[in-house]
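Protein chains in written order, with this note's numbering: chain A, 109 to 462; chain B, 69 to 324; chain C, 2 to 371.
It should be emphasised that the hints constitute simulated quantities derived from the structure, not laboratory data.
Have a look at the derived ranges for each label pair, beta carbon to beta carbon: (1) C:F46 - A:K362: 37 to 45 Å; (2) A:I367 - B:D130: 54 to 62 Å; (3) A:F160 - C:D271: 55 to 63 Å; (4) A:F447 - C:V43: 47 to 55 Å; (5) B:G75 - A:G402: 31 to 39 Å; (6) C:F62 - A:K362: 54 to 62 Å; (7) B:D130 - C:D271: 22 to 30 Å; (8) A:S356 - B:I309: 30 to 38 Å; (9) B:E94 - C:D271: 27 to 35 Å; (10) C:D271 - A:F447: 21 to 29 Å.
Calculated from the model, a selection of chain A residues having no Cβ within reach of chain C, i.e. all distances over 12 Å: (11) S121; (12) L136; (13) F152; (14) W156; (15) F160; (16) K161; (17) G165; (18) M257; (19) I327; (20) I335.
The structure presented is a predicted model; accordingly, all values stated were derived computationally and were not measured.
C-beta atoms are modelled at their ideal positions from N, C-alpha and C, and glycine is treated no differently.
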Amino acid sequence: MSGDEADLYVAKSKKRWVAILIILIITLAITIYSVCVMSFNISFQEAWEVIFKHLRGDPLESYYDRIRDYLVFEGTLPRSIAAGLIGAILGISGAVMQYCVRNPLADPYTTGISSAALFGVTISLALGITLLPLHDEYGIVFNAFVFSMIPCAMMILISLRRKTTPTMLILIGIAMMYIFSSFTMVMKYNAEPEVLEQIIEWSIGSVSKAHWESIPFLIVALAVLLIMALFYSKKLDVMSAGDNLSTSLGVDPKKTRLICMIVVSACTSVAVSFSGSIGFVGLVVPHISRLFVGSKGFALIPCSAAAGALLLVAADTIARSFGAGLPAGAITALIGSPFFLYFLIKMRTNGWGR
Amino acid sequence: MELNIDGVGFSYPSKKVLNDVSANFEGPQLVAILGPNGVGKSTLIHCIDRILKPSEGHVMLDGKDTYEYHMKEMAKKVGYVPYASSDMFPMSVVDAVLLGRHPHSNWKSTKDDVRLVFSVLKRLGIDDLAKSQFNELSAGQHQKVMLARGLVQEPEIMLLDEPTANLDVKHQLGVTRILRDIAHEDGVLIIMICHDLNIAAKYADSIIMMKDGTIFATGTPEEVLIEENIRAVYDVECRIIEDQGRPHVILRECEY
Amino acid sequence: MKRDESVDRQVEEYLKNEEDLAEGYISSVRQKLLIIVILFIVSAFICIFSMTVNGRNLDFFEVIEVIINHIKGTTYEIYTKEWFDDTFIWGNSLPRMLFTVVAAIGLAVAGASMQSMMNNPLADPYTVGVSSGACLGLAISIIIGLSVNYGDSLTIILLSFIFALLPMAAIVILAPKTRSSPSTLILAGVALSYLFNSVNTLILSTVDSETLSVIYMWQTGTLSAASWEDLPFVLVMVSIGSLLIVYLSRQLNLLALGDASASSLGVDPDNLRIICLVAIAFIVGAIVGCAGIIGFVGLVTPHMVRMVIGSDNRFVIPGAACIALIMMLLADMACRAISLYDNIPIGAALSLIGAPIFLYLIIRRNSYVW
Numbered sequence: 109m110s111g112d113e114a115d116l117y118v119a120k121s122k123k124r125w126v127a128i129l130i131i132l133i134i135t136l137a138i139t140i141y142s143v144c145v146m147s148f149n150i151s152f153q154e155a156w157e158v159i160f161k162h163l164r165g166d167p168l169e170s171y172y173d174r175i176r177d178y179l180v181f182e183g184t185l186p187r188s189i190a191a192g193l194i195g196a197i198l199g200i201s202g203a204v205m206q207y208c209v210r211n212p213l214a215d216p217y218t219t220g221i222s223s224a225a226l227f228g229v230t231i232s233l234a235l236g237i238t239l240l241p242l243h244d245e246y247g248i249v250f251n252a253f254v255f256s257m258i259p260c261a262m263m264i265l266i267s268l269r270r271k272t273t274p275t276m277l278i279l280i281g282i283a284m285m286y287i288f289s290s291f292t293m294v295m296k297y298n299a300e301p302e303v304l305e306q307i308i309e310w311s312i313g314s315v316s317k318a319h320w321e322s323i324p325f326l327i328v329a330l331a332v333l334l335i336m337a338l339f340y341s342k343k344l345d346v347m348s349a350g351d352n353l354s355t356s357l358g359v360d361p362k363k364t365r366l367i368c369m370i371v372v373s374a375c376t377s378v379a380v381s382f383s384g385s386i387g388f389v390g391l392v393v394p395h396i397s398r399l400f401v402g403s404k405g406f407a408l409i410p411c412s413a414a415a416g417a418l419l420l421v422a423a424d425t426i427a428r429s430f431g432a433g434l435p436a437g438a439i440t441a442l443i444g445s446p447f448f449l450y451f452l453i454k455m456r457t458n459g460w461g462r
Numbered sequence: 069m070e071l072n073i074d075g076v077g078f079s080y081p082s083k084k085v086l087n088d089v090s091a092n093f094e095g096p097q098l099v100a101i102l103g104p105n106g107v108g109k110s111t112l113i114h115c116i117d118r119i120l121k122p123s124e125g126h127v128m129l130d131g132k133d134t135y136e137y138h139m140k141e142m143a144k145k146v147g148y149v150p151y152a153s154s155d156m157f158p159m160s161v162v163d164a165v166l167l168g169r170h171p172h173s174n175w176k177s178t179k180d181d182v183r184l185v186f187s188v189l190k191r192l193g194i195d196d197l198a199k200s201q202f203n204e205l206s207a208g209q210h211q212k213v214m215l216a217r218g219l220v221q222e223p224e225i226m227l228l229d230e231p232t233a234n235l236d237v238k239h240q241l242g243v244t245r246i247l248r249d250i251a252h253e254d255g256v257l258i259i260m261i262c263h264d265l266n267i268a269a270k271y272a273d274s275i276i277m278m279k280d281g282t283i284f285a286t287g288t289p290e291e292v293l294i295e296e297n298i299r300a301v302y303d304v305e306c307r308i309i310e311d312q313g314r315p316h317v318i319l320r321e322c323e324y
Numbered sequence: 002m003k004r005d006e007s008v009d010r011q012v013e014e015y016l017k018n019e020e021d022l023a024e025g026y027i028s029s030v031r032q033k034l035l036i037i038v039i040l041f042i043v044s045a046f047i048c049i050f051s052m053t054v055n056g057r058n059l060d061f062f063e064v065i066e067v068i069i070n071h072i073k074g075t076t077y078e079i080y081t082k083e084w085f086d087d088t089f090i091w092g093n094s095l096p097r098m099l100f101t102v103v104a105a106i107g108l109a110v111a112g113a114s115m116q117s118m119m120n121n122p123l124a125d126p127y128t129v130g131v132s133s134g135a136c137l138g139l140a141i142s143i144i145i146g147l148s149v150n151y152g153d154s155l156t157i158i159l160l161s162f163i164f165a166l167l168p169m170a171a172i173v174i175l176a177p178k179t180r181s182s183p184s185t186l187i188l189a190g191v192a193l194s195y196l197f198n199s200v201n202t203l204i205l206s207t208v209d210s211e212t213l214s215v216i217y218m219w220q221t222g223t224l225s226a227a228s229w230e231d232l233p234f235v236l237v238m239v240s241i242g243s244l245l246i247v248y249l250s251r252q253l254n255l256l257a258l259g260d261a262s263a264s265s266l267g268v269d270p271d272n273l274r275i276i277c278l279v280a281i282a283f284i285v286g287a288i289v290g291c292a293g294i295i296g297f298v299g300l301v302t303p304h305m306v307r308m309v310i311g312s313d314n315r316f317v318i319p320g321a322a323c324i325a326l327i328m329m330l331l332a333d334m335a336c337r338a339i340s341l342y343d344n345i346p347i348g349a350a351l352s353l354i355g356a357p358i359f360l361y362l363i364i365r366r367n368s369y370v371w
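Just chain A, with the same shape it has in the complex (with noise of 0.2 Å):
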């Protein structure tokens, strides 16, 4: 390479961090005014007051003082940040996985995880079994998890007797998705309409259970999945090219795809268990950012981290815009899918390179 195509390789290896930098500025804006969004009416900067007075630990004086901070620091606050980082998980799980298999219509819940968790749920919901007899709701996020990493150790089990292509760990995780849905199924025939509402409110997914309790999860979950994702995200780069070539080349595809695939598993799940299955973010942010910033792995992590998290945010942000119940999981595709066959159409490209 000459200097001039150096230079130019640099600068848009540049223009991309350059990209996924704006996009994190973008989330974080409307984070920071989402906090205002909420059925009842609150003003930008009432809620910022509000906030600031919490954190300096001024005394609630008023009863309204009281439900502004309960509203906001214990309501909106929490919800957003979290919206942020289920977004960022579910994009980074996303990519992964459609690394590890090497389809573009993989998504973290090809594992089959987010059927399992359901199933958790509505074992609990309809049923009123919970694994631990923990306080109410934290029962059925711990049925989620626990129910949700069973695909994930029939997939260890299975590699581990048996020589396994990436294809057969997508078919193994929809024999998965189908064994636990059908039983998911006959519970939700048979559950009371008002369950029968609850349960379908969980899957398709919203951020509004969302507490300051679970943020802590979501942060370990997200900065487990990053790291490990920037850390493998040069192998994975090489297992696109083939199994073979990646044996040539150093990098062990199975034992890659397996690690892989379990901690993508394991963080979905938590995200999962709180927030119901969110879907379309993990499927098609992935393909966005990789419209932007191309196919490299050390790239298109964080681009879909941050990707996941704006879209995630801006959707609960619009949900909440419009009264209280309506999940955000119901919006993520209305936003998203616009702007995804619009840059589809635009670019001519498919981003899959071919």
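For chain A, the structure is supplied; the task is to place chains B and C on it using the hints.
Below, chains B and C without anything else, positioned relative to chain A:
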């Protein structure tokens, strides 16, 4: 048969790849297209077989523009063998090669079709792979299967994109010789993209050397493979000697 | 290319067990044909067999008798045993069985062709958003109040069908504007599917829980809505779509080689994909309108057949249709055996029976390519 390439040009949105390429081919022969990477060889072949539509110029096949032919007619006349990729697809070797009979056969594959497949497999030395699944093959075997598929198509013109790229020396020689024999004995115009100057020199009837998206030189191997041409096109110093009646390129030095 | 006599001889000499290699291949083809024929016969048998779970306790031959008699035009006095038998079988079991057959065939054909078309094992009939459109149509029509009972279902079906064609129309319009490689089509279809789904969800979240239950029940895949009035429409749509796809199955095989090779063999891949999409939209639109979303068959039965027979669509498509038929009929039998009128969702039974089988096949099968 007659193939005329007349002022063909092609551009991708970002850049112009082919520029005013013209060539004439009459009658069966083995033609080798040589040239550095990225110079437009594959693009040219794609333009001939209607895989890409040229932005300028025409390709005339037996006096008619290729786009005037019905797709199935084209398939009977022109066969294309791609560069072996790492794409796997889910079928046995025999089934994969049988697909090449599609333009000729109807719903069912006849016994003759199958016999043809086996004889071609035997000719290429891969008949023992007949029942193997495609994903179990090595890159070289892949390539031979692709070649077999092109051969059973029984076309008048065959376009091959680096048919010997992944084969070892013996198979490179053997396959190119088979291609030459097919050209002469079976009356096929074979146009192949080749990277090995010497194998092309040894077997080809004529050579096209491309540079910068256009044809730099055409003619017999003796005419084209001279030191000045190789220096101009590849930027490589060499010495040409004669061996068995054909030129042989001995590479010397290059600036890198 | 000349037929080389000596090569022929060499080929024949090269055999083991005195078996002509070509003969060997054709006999393996014959084996595959045999398997398909057996599947057909078993399917026919199971069609009648599934009707033996009925409210009238008729066994296998009695069911056949009732049907034959009805065709002959025998009438019965009202409220006699024979009249009840006839009414039940002819008014309930038979249309339900026929509908299951049609739905199973349609879904299997749509799934197999979708997988070939997209060159992706994850594809199923609903990948491109056709089902989301249909669901939306379903939800809208129920909310508008077109009909909540099953009597007037034809209008509901028509509306869902029209809505089902929307995503497909969008893709057909979009396709020339993008580089329509399979990946692009898939992604565009998935995005559209999510879009329609989210609109659907939004609508669902605004209705009260009673309507929600009704809509949900419709959307979940139930065969109980089958009646003689709806059957002709579904039958026609599924037939048109399936026959078209069966006709194209040979060309679909070529897509596996890649677009460039396929076009050099005389097949226009973009065209082919769009035609298949239209066929699939017809099939899925009609089925979802009548029965809701029945998952599993479209995705898994083609894989099951491929594991045994290999990837030739000329065999996979009929094979998958038969297996889907058998599975759905058995699943429906199981549902009805548990409770004749309670309408356990067929999807649940299907997955419960089929998924373990599928899992077993995946684990045990050694050389499944793809």
